[in-house]
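Following the hints, put chain W in place on chain U, whose structure we already have.
2 protein chains.
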Amino acid sequence: MTHRVAAPPQLAISTVIFALRQDAAGNTTLMLPLVQRIREPHLGDWALPGGPLNATEDLSDAAARNLRETTGLEPRYLEQLYAFGDPARSSNEERVVSIVYWALVESSEADQAIQSRNVQWFAADCIPNLAFDHNLIVEYALWRLRTKLSYSRVAHGFLGEEFTLSQLREVYEIVLQKPLDKANFRRTIEASKSIVPTGQRVSGGSHRPPQLYTYDKTLNLTDQGPLTSKSAIRHNSETSTK
Amino acid sequence: MTHRVAAPPQLAISTVIFALRQDAAGNTTLMLPLVQRIREPHLGDWALPGGPLNATEDLSDAAARNLRETTGLEPRYLEQLYAFGDPARSSNEERVVSIVYWALVESSEADQAIQSRNVQWFAADCIPNLAFDHNLIVEYALWRLRTKLSYSRVAHGFLGEEFTLSQLREVYEIVLQKPLDKANFRRTIEASKSIVPTGQRVSGGSHRPPQLYTYDKTLNLTDQGPLTSKSAIRHNSETSTK
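In order, the protein sequence lines correspond to chains U and W.
Each number in the numbering used here comes from the position in the first sequence (counting from 1) with 27 added on.
Each number in the numbering used here comes from the position in the second sequence (counting from 1) with 27 added on.
Looking at chain U on its own, in the form it has when it is part of the complex (with noise of 0.2 Å):
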């Protein structure tokens, strides 16, 4: 009987990356991009963008180069999402404890990322079977993103400096997949506090075009209470003053 010492686990970096995009119907839909490994294991199956921890990186650093290589994204929203490190999601030969990042980017962001026959977008409720674990962190990504959506200004990640509550509501109806009532939601918005009118309106040929609003600059994007000045989400908060 042979015994081999077990390796110490091994430590990577995924990010899952949400836009709405439009699908090949033309229907504007929650997308996210994957990458195709192109070695063992799991060879030829889809994945979450992601790779090792450079030695003096810190996580959200290595989430965000990681991003722009594999995809040319630099998103405005980048925050933790959890450490995955079941043994089972590993091989055998090798384990490897996974914290995965999400990210949010505007469409027009998305447009412009790297397309190529490895990397390429899928509907977050139509994702193919994918290597390792990653179907449960899609899905556990998509729980996080719709949950946090009814209590924190995350909507702002998918949207320019300024938008029009239709544009807000219609973020929420696809990310929720339901339709909301334009009142609710408007008093629902505006109780919350977290968005103020510009002053400014929709430049056209509308007799009362709709007022632009912007989220209030006071209130952090990712609340991460003592941690949000701090290095743990540095990327994101250098980007978001930008």
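Rather than coming from a laboratory, the hints here were simulated on the basis of the structure.
Some hints could be false.
Identical chains blur together in the list; that is why a pair holds if it fits in one copy or across any two.
Computed list of lysine-lysine pairs in DSBU-like fashion (alpha-carbon distance at most 35 Å, straight line) [said to hold, decoys possible]:
#1 Lys-205 - Lys-175
#2 Lys-244 - Lys-175
#3 Lys-220 - Lys-175
Since the model is a prediction, treat every value here as computed from it, not as a measurement.
Frame of chain U, contents of chain W only:
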């Protein structure tokens, strides 16, 4: 000039454990146990209980084992808090990424925890300078606990199976460090539909003893969506069905 090849980051699991206990002055206070380090770096400093991840162990199992070994505690509530990986948190020799869990234990259980010269309980808002970045970790855990109290049934982690509305309010008052209006509190809790009357009253001499409540068991204590029934919080699921 010599270059050392940087070793891959090591993984550690630490836990912030909260309980409501009497401080030296006899006031019920939010407290947590700390362990005095018996080796370098930070020899003699207080730190969170923690240790390495065993080769075949899930992350939450490692947290639970570690808690058992250092404090004798088996908390009802055990949930992943955050992964801390700033390179500056470690010594130059060895980089450590810590996946941190947080746990809540009932006062009666906390009273049976191991106490020794090397394991002591401190008031959560009055802890000494800790090893590594553990002060930041405690600060973040406190923030998470206080935030989560407002939208989840996390307070149950401090209470027995049955409790009165006064006992529940006391948990909120101690954790949030402010008095709460009795009638408002009752209205808010009843509107949340998270607790149900047991039909029993506290046994005792008073003319109209207070009603007993229990938490709605159909709601999970740690709401983790798709992860709830899966391995990520397996330990919690096992203990919460006792």
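Status of the hints after comparison with the structure:
{"no.": "1", "hint": "Lys-205 - Lys-175", "result": "both (16 Å within a copy, 27 Å between copies)"}
{"no.": "2", "hint": "Lys-244 - Lys-175", "result": "both (18 Å within a copy, 23 Å between copies)"}
{"no.": "3", "hint": "Lys-220 - Lys-175", "result": "both (16 Å within a copy, 20 Å between copies)"}
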